[in-house]
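Chains as they are written, first to last, in UniProt numbering: chain U, 1 to 370; chain H, 1 to 420.
If you're looking for bench data, these hints aren't it; they were derived computationally from the structure.
If you're wondering where the values come from, they're calculated on a predicted model, not measured in any experiment.
For each residue, glycine too, the CB sits at the ideal point set by N, CA and C.
Please note that a few of the clues may not be correct.
Example chain H residues on the side facing chain U (calculated, C-beta under 8 Å, incomplete) [said to hold, decoys possible]: (1) G14; (2) R51; (3) W99; (4) H130; (5) R210; (6) P314.
Per label pair, the in silico range of CB-to-CB distance [as the list claims (entries may be wrong)]: (7) W3(U) x K194(H): 22 to 32 Å; (8) N274(H) x P45(U): 17 to 27 Å; (9) N45(H) x T224(U): 50 to 60 Å; (10) L197(H) x G294(U): 30 to 40 Å; (11) N45(H) x G150(U): 35 to 45 Å; (12) V171(H) x T290(U): 49 to 59 Å; (13) S2(U) x V217(H): 17 to 27 Å.
What the simulated footprint calls covered on chain U by chain H, stretch by stretch (three residues with Cβ under 8 Å from a Cβ of chain H suffice, anywhere in the stretch; the number is not a length) [said to hold, decoys possible]: (14) 37-46; (15) 91-104; (16) 315-326; (17) 351-362.
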Amino acid sequence: MSWRERFEAPVAGVAGSKATNWVRAAAARITTPLLPDDYLHLLNPLWSARELRGKVVAVTPVTADSATIVIEPGWGFSFDYHPGQYIGIGVLVEGRWTWRSYSLTSEPAGSAAERTVAITVKAMPEGFLSSHLVNGLKPGTVVRLAAPAGEFVLPDPPPAKLLFATAGSGVTPIISMLRTMARRGGRVDAVLVHSAPDEDSVLFVDELRRFAADGLIDLRLRLTGVDGRLDAASLDELVPDWGDRQTWACGPGGFIDMLGGMFDDRGIRSRLHVERFALERGAAGAQGGTVTFGRGGKKIEADGAQTLLEAGEEAGVLMPFGCRMGICQSCVVMLDKGCVRDLRTGVEHVEGERVQTCVTAAAGDCTLDV
Amino acid sequence: MAIADIPEYAHLTGADVEALGAELDAIRADIEADRGERDARYLRNTIRLQRGLEFTGRMLTMGASRRSLWWAGAGTLGVAKIIENMELGHNVMHGQWDWMNDPEVHSTSWEWDNTGPSAHWKHTHNYIHHKYTNVLGMDDDVGYGLLRVTRDQRWRPFYLGNIAYNTLLAVFFEYGVAAQHLELGKKRKTPEAKAALKRDLADVGRKIGRQVGKDYVLAPAISGVLNRSSRAARKTAGANLLANVIRNLWTNAVIFCGHFPDGAEKFTKADMDNETQGQWYLRQMLGSANFRCGPTLAFMSGNLSYQIEHHLFPDLPSNRLAEISVRVRALCEKYDLPYTTGSFPVQYAKSWRTIAKLSLPNKYLKDTADDAPETASERRFRADGEPRLVSSVDQRTGRRRGLKSAIADNRERRRERASA
Ligand code: FES
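Only chain H is shown next, with the shape it has when bound in the complex (with noise of 0.2 Å):
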């Protein structure tokens, strides 16, 4: 089972949990008060980089039937795109750059370079992503309808395929973008819901249209007229094609490191109607995880490395999550609650790792719902006939007793019963 009662599963009282998203609202209003230049410089150069490689990048795929020329090209288009995507993209649509009030770089108007039409996206992902975080058959971002990511979705024998569908799912990914918001599983009777997804299914069209046109009709056509050779036309469409896989392939491994590593939870539907502003927080910090990053890592994913703070503040530049990490760690340790995060490789191996064992039947598997790595749940510590989880604070130390020394007896106690 995933978590159903928040704070109990956190050990919080309500006037915790309040408590904890005051302080948060504390850390918002600071940034909020200090955007400014500097941040405004950050964009626009981020901006012109991309630009900058972009340009570069279709520079060199024009000469790509040159091995070299073909290999610099696409590198440099898949890092042109991953940026356009990540940093720009991603973030713009969150509304982080609003603020600004620049007409070019807002949320309303921001279009970016994958086949999912923006305003798709910022339903899928802004709305029912961010607001319904890890809640199971709310958030489609668990398991994309395609993965069995949880135990809590009963197995059924095309899960046997789990690992064949995600490497597809990444080698393709911006086709299953482009496809999340059609939700193609679902009946639909109205009149209205079938005109909408006609709709739907034309934007969609006219989108990958113009993607794929771009690069596999157009930039090709060009660089055969200039070389005056087809191959060379071969070439370029191919060595754009290596760029989307590698844009593909690299954005897909930055989200699934933020929420399927082991310790990033799932929720239930319950009380998800009357949820409070700080128990939503909880379910951010509970439901995401990060991965640990230098300067560069943290750009090219966007900051998306710093998936728990972005979950908490998703409209905040991401040139501030960094500092934001440092003041969430310290309220982790002030509330005793787990902060999820790990080396990349790591992280996104426990991903695949979980998506492995998950193409099994329960049955197979060692774990329970209630307490498995990528899925726990408030009963996990009711295990030895606890009634209730209580918010503590020890006498001794004057440390408040949460999640995260809970989950530590736990293993603990695992330990010794195993070597007992």
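The following block holds chain U by itself, in its conformation from the complex (with noise of 0.2 Å):
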């Protein structure tokens, strides 16, 4: 090891530039074996690196049921992401932080310049936490922010020929892509087809009518209250010339895969550009599912009464353990996507939460970090 890294050690993994990491190594050498910051964040919440966090510092209604949160992130937050990416929102309920992923709905420049994100939240019907975030968030609560990701995001500068289509609150990563093409300014051939019960339920509507009218998209809305379901043959009246566009498209499972099936068929898979929406529980009461490996990519197909330690193993990854028996914290990993349930007490833990792998089994398709 260089004496660098040496240096480095105690920070590695904390957010942050080069020069504030170097105070902060510095200062760790007293503070051993926490960081500085876990005591600055005493004083405020928003002064640690180590775990972003964030401030509400609004809560807007969009629609009757969903509402537009703007967060102040603190130390090491990074501004840099891309129109389209989410984040990971960590809420304090009963004691609890739990976690969700949401797209980032503010337009970089704007989020840079008023050092702010902001996200906007559907509350879901059976959402414990969306209706949470809708309806019982208040203006000064802290939140854990993990940083912006995701595949999802348009090239820049975008293709000649752009179809947008979203269902829901699909939209949501879609109207962050638009205000970032509002505010370049170049004019592309852009189509917005966006699905939704009726008029009152669409998000952001007189926004995306006002961006048909300056003539950034052509926006083509489906109420399926009035118009009936948006299904492959509605799409080619809607868009005749949808296969000669790369298109963004998120919305629930069904509606991404009726799209799949319509690139699929003309063998065009390569324009679609998906994001679906993260489910906000298992399906409930589900048995078993395929467990990935997310580091490896192994796959394997697990039962309801099968441990996914014992999964793991079957599939040849090098899962940790100690005990077996749900009392060493040994097996410990991170549940990256879907749903897990607790055999010991039938509790279930969903993605951003670890898991005790020698103790839960898959409630459904899941991914682990391991």
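Put the complex together from the two separate chains, hints included.
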């Protein structure tokens, strides 16, 4: 190890600029095994780059059941995200940090100027956290953040012929793209097909109409309450030349599958870029599923009784373990996607939680960080 | 001999043990369902208190060239380190607070203010000690590879120094913790084992380096510069040393009270492989010992005054052990099992007494390995030629007769024999 790596060791994995991390590493010699941030965040919760945090500055209703949440991130947050990316947000509910991912609806340049980011959340009927975010979140609340991530982004400059296909709150990653395109000023041939039950439930409806009036997009709203569901035939009708367009699509699973089928049939799947909604819960009561081991990409089918530890070992993954009976925490890994169930208590754990693989089993498809 | 047949020793049938296990599972489920905001607040307040004490202690020791500040600083820092190791480090690393899903207070990420790296300790303690509690030859906490704490360990002349070793272990306990994972007594033959040892040694070395650097180099240097005196630097280093020793003596005492007082049983490897959850619970109950405490003593011991409850539910939040103990005691009543407890000084003295006694070879000791205060076996109840112990229910009172009554009867018989 070089002297430099040794010096930086305490701050490995801490967000922040090189200079501040050197200060941090120096100070950590006296605060070891903690970082200075561990003391500072007791004074101000935002003064820590060890774990990203943010403060809610505004919660503004968008429709009857959705709101835009503006967050001022603390130390270590980088504003150079791309429109279309999402962030992880952790909210304290009854003593627990509950995590979900939401698309950023703010536009990067504006974010950097105002030092805030925004997400827009729609309260889902079964969605315990989303309802809390829309209806129960007070300005001033401290939340945790995970750095912006995701491949669902527009290239710069955008392709000459574009289609955005969205349904419900699937418009949220697109609005950030549109705002960025509007700010940059260039014009391309862009069509937005958006499907929602009725006019009142269309997120950002005024802004979308303004973009249409300005010629940024060709807006084709599909109100399913009146016009029926958007299917392959109706899309053909709405956008006859969809096959010529690079397409960005976001919406519920069925919607994405329908589009995938259309692009597959024409053999142009590479033109379709998709983002699915993260499920708020595993399909309720599901038993077993495909377990993916994220780092090596190995997969295995597991039933609802086989522990994730056994499943991993069967798939040939080097799983960490100790007691194999749920008491030592040697086997704890991050659940990156999906839902698992504790075999002792039946409690479900969802993405963003660390789980004991020796006493949990798959409750639907899931991905583990091993 | 230590206990080989746990249900028989406890006078319980297989069905009894399973029923006991189910009752304990129900306690766990109740606590898990009830965990919430109140518990999270307790933890956050503990962290704030600890950080505040640590900061205050550090500030005071910067003025350690004044005698009063020297003592105040060392004492405050010692208390801060105790809380950090016990109520925070030990309990967080057990996963007691993992349910909060807080990345900063999580068993996978916590590093404690101790020379033993967290990762090593989680292996030796959370896994080996908690799974194989008091099983001779499996649980390294039995004697820490240094002391003779049960008659089942063969006497060697080395053990004449039992008391001296225990004193040294107590004073430098953090280094004992650091060394435990290395299993230095073990021969390593394969290249992998040698490489693993090298890695572990490097980890321990780094951790000790950081801890020593902080307490004995950097803090004194800062003090020396602030006070423009090298004497101040020396005094600060001295105060830090005292703080560490205070913490070592205290944590060692608390831990020894957990498994070494009279009545905390040892077990053999027999049947370990197909042990049921119920039998495991039973072993934890028989192998651990509590001491009586008020809220302050409980807090300063990291709630390990409730060692029995902690061993039954190592990953349930420490602040709930007091209420759990009420229910566990009731179960002990119901199944007529002993619930080993006593005052803190008495429990600690008993563990020293055993260590003192066992520095001698068995021929100088009165009790047999089957019926000694620190270790007993199912054979202790066969002295009268009874073939096997069976679970029974008193016809008259309807009470179950089990281990607790049997021990009392035994004592009675002995007393009679002695007076005859
Ligand atoms: S292996 Fe010990 S808790 Fe999972």
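Here is what the structure says about each hint:
no. : hint                          : in the structure
1   : G14                           : violated (19 Å)
2   : R51                           : holds (6 Å)
3   : W99                           : holds (7 Å)
4   : H130                          : holds (5 Å)
5   : R210                          : holds (5 Å)
6   : P314                          : holds (5 Å)
7   : W3(U) x K194(H): 22 to 32 Å   : holds (27 Å)
8   : N274(H) x P45(U): 17 to 27 Å  : violated (50 Å)
9   : N45(H) x T224(U): 50 to 60 Å  : holds (51 Å)
10  : L197(H) x G294(U): 30 to 40 Å : holds (31 Å)
11  : N45(H) x G150(U): 35 to 45 Å  : holds (38 Å)
12  : V171(H) x T290(U): 49 to 59 Å : holds (55 Å)
13  : S2(U) x V217(H): 17 to 27 Å   : holds (22 Å)
14  : 37-46                         : holds (count 3)
15  : 91-104                        : holds (count 7)
16  : 315-326                       : holds (count 4)
17  : 351-362                       : holds (count 4)
Checked against the numbered hints above, the structure breaks hints 1, 8 and satisfies the rest.
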